[in-house]
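Chemist: Please arrange chain V on chain Z, whose structure you already have, making use of the hints.
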Amino acid sequence: MKKQALTDRRKFILNMARGVGLATIGGFVWSAYVDEVTASTLMLRPPGALKEDDFLKTCIKCGLCVEACPYDTLMLAKPGDNKPLGTPYFVPRDIPCYMCPDIPCVPVCPTGALDESSVTSTEGVLDINSADMGLAVVDEESCIAFWGIQCDACYRACPILGEAITIEYQKNDRTGKHAFMKPIVHSDACTGCGMCERACVTEKPAIFILPRETAMGKAGDYYIKGWDKEDEKRLQNAKEIKTVTEISKDSAINSLNGSLEDLY
Amino acid sequence: MKTLWNSYRYLFMRRFTQIGMLVLYFGANAWGWTVLQGNLSSSLIFGIVPMSDPYAALQMLAAGAVLATDLLIGAGVATAFYFLIGGRAFCSWVCPINMVTDFASFVRELIGMNKLTGVKQPASRNLRYWILALSLVISAIMGVTAFEFISPISMVHRGLVFGMGFGWAAIVIIFLFDLFVLKNGWCGHVCPLGGFYSLLGKFSLIRVNHLEENCTLCMKCKVVCPENQVLHMIGKESLPVLSGECTNCARCIEVCDDNALEFSIRSMAQNKKTGE
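So the sequence lines, in the order shown, correspond to chains Z and V.
My numbering applies: residue 1 is where the first sequence begins, and numbers increase by one.
My numbering applies: residue 1 is where the second sequence begins, and numbers increase by one.
I should point out that these hints are in silico values taken from the structure, not numbers from a laboratory.
Since the model is a prediction, treat every value here as computed from it, not as a measurement.
Glycine residues also receive a C-beta, built at the ideal position from the N, C-alpha and C atoms.
Certain hints may be false.
[Unchecked claim] Residues from chain V that face chain Z, not an exhaustive set, calculated with beta carbons under 10 Å:
id : residue
1  : Leu40
2  : Phe46
3  : Gly159
4  : Asn214
5  : Thr216
Next comes chain Z alone, as it looks inside the complex (with noise of 0.2 Å):
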């Protein structure tokens, strides 16, 4: 068979296949990579910060949020930080955030990945203590003030003592004549900015920062609070759920005999 030149409709196709195989590699790779980059970790992100889907899709890593904040707190993720590139983020053993009344880092956000209406009060001035950037964990076997030792740095340290961090006053049994006093942070007020975790006096702290996400558990629909009218609203508009099963199919009385013959 005679060797023919390459018709130009044919190097066409073919130019067209390498290049969308060419793609489709280098897509794969890519997406890879940048799915593993972006499945983060313990991020603590500034005040009004989206959730961090919405964060990581809006945020343009410009740094002016890290530009504002005039206490140094914030940083953007560099190459070697295994942290999402170039989004900003805090460590408040470091550098807590100082809850600035006039919260400078988010307004300057040009994208809206710190979003001013998250953190501005229903009158509409500027609140920080609606901010959210995590919630404080206390590990009570290694904090010293459930030891039994007094100590009370992370609730002195917090910007909204007595409603983020209250000291709960227990007998101490082992000693018949002291109290605990333990920090029990309430989840509705802590802010997650980290003055505590920067307070506290163990070597590693023992109260510490978490995205909400992570702290935080859920009770779902199952459970109501039934003695809490607020709570029991949540059932105004349930539905009924009826799910039929091997056992449940017959009624109760008839399923719990319904295997007896088999004893005759």
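Modeler: Chain V only, in chain Z's frame:
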């Protein structure tokens, strides 16, 4: 007259704007200057005028983000600006990677790498448009701004302003790639931001114009040009360089000893050609 200034005037000016902008950005973060805040992804000029990377905004749109007004204005300002002065003027007058690739190109010529690899390049310059399209597809599928997470441009620029980390590795990779793998590899073949600005620059006003009657066919311009396919008219026809891939770096103007190349405004250049 051949003076140092004459032979390198645009190069000096380009390095001046590139480094000057880096200093201004750095000063904004380090000492609170307000001339140029942020970085190349999005910045604030004199604390008032926003300017955002329109390609990043496009990826955000593809990823399904809600685009804020400030961002739209910023992207609009940048688009209008580069639309006027030539899209890829960003590449040669602003982008910090340009200094790396120009240096790689210089060393490549110096050590004779070009003679080793020959004229035939193993990759198409259209690669960048494929990568541009791919970045938008991946952004849409993965719901993140795909190129912004790997962009060595933002990585390096952010690094210089906010702290480098391992970002220096990106510089090394690009330098070695351009030096040993592909001539003008990153800027001329791979970079989708350059691709984006190429598309934008198709319509821009400031153009390099060629005057065929002055040309002595020395071909110095073609040797020095990082996108020499745009100079196809040299010695053949008096035409402005109309391809968007021209970066308006003006190296060709500097090396030309015969005044056969000069900057001009697009329509004037065309009028001269048609209207005598």
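Chemist: Work down the list of hints and note, for each, if the structure agrees.
Modeler: Hint by hint, here is what the structure shows:
1. Leu40: holds (8 Å)
2. Phe46: violated (14 Å)
3. Gly159: Holds - the Cβ of Gly159/V comes within 10 Å of chain Z, reaching about 7 Å at its closest.
4. Asn214: violated (38 Å)
5. Thr216: Because about 37 Å separates Thr216/V from the closest Cβ in chain Z, which is outside the 10 Å limit, the hint is violated.
Checked against the numbered hints given earlier, this structure breaks hints 2, 4 and 5; the rest are met.
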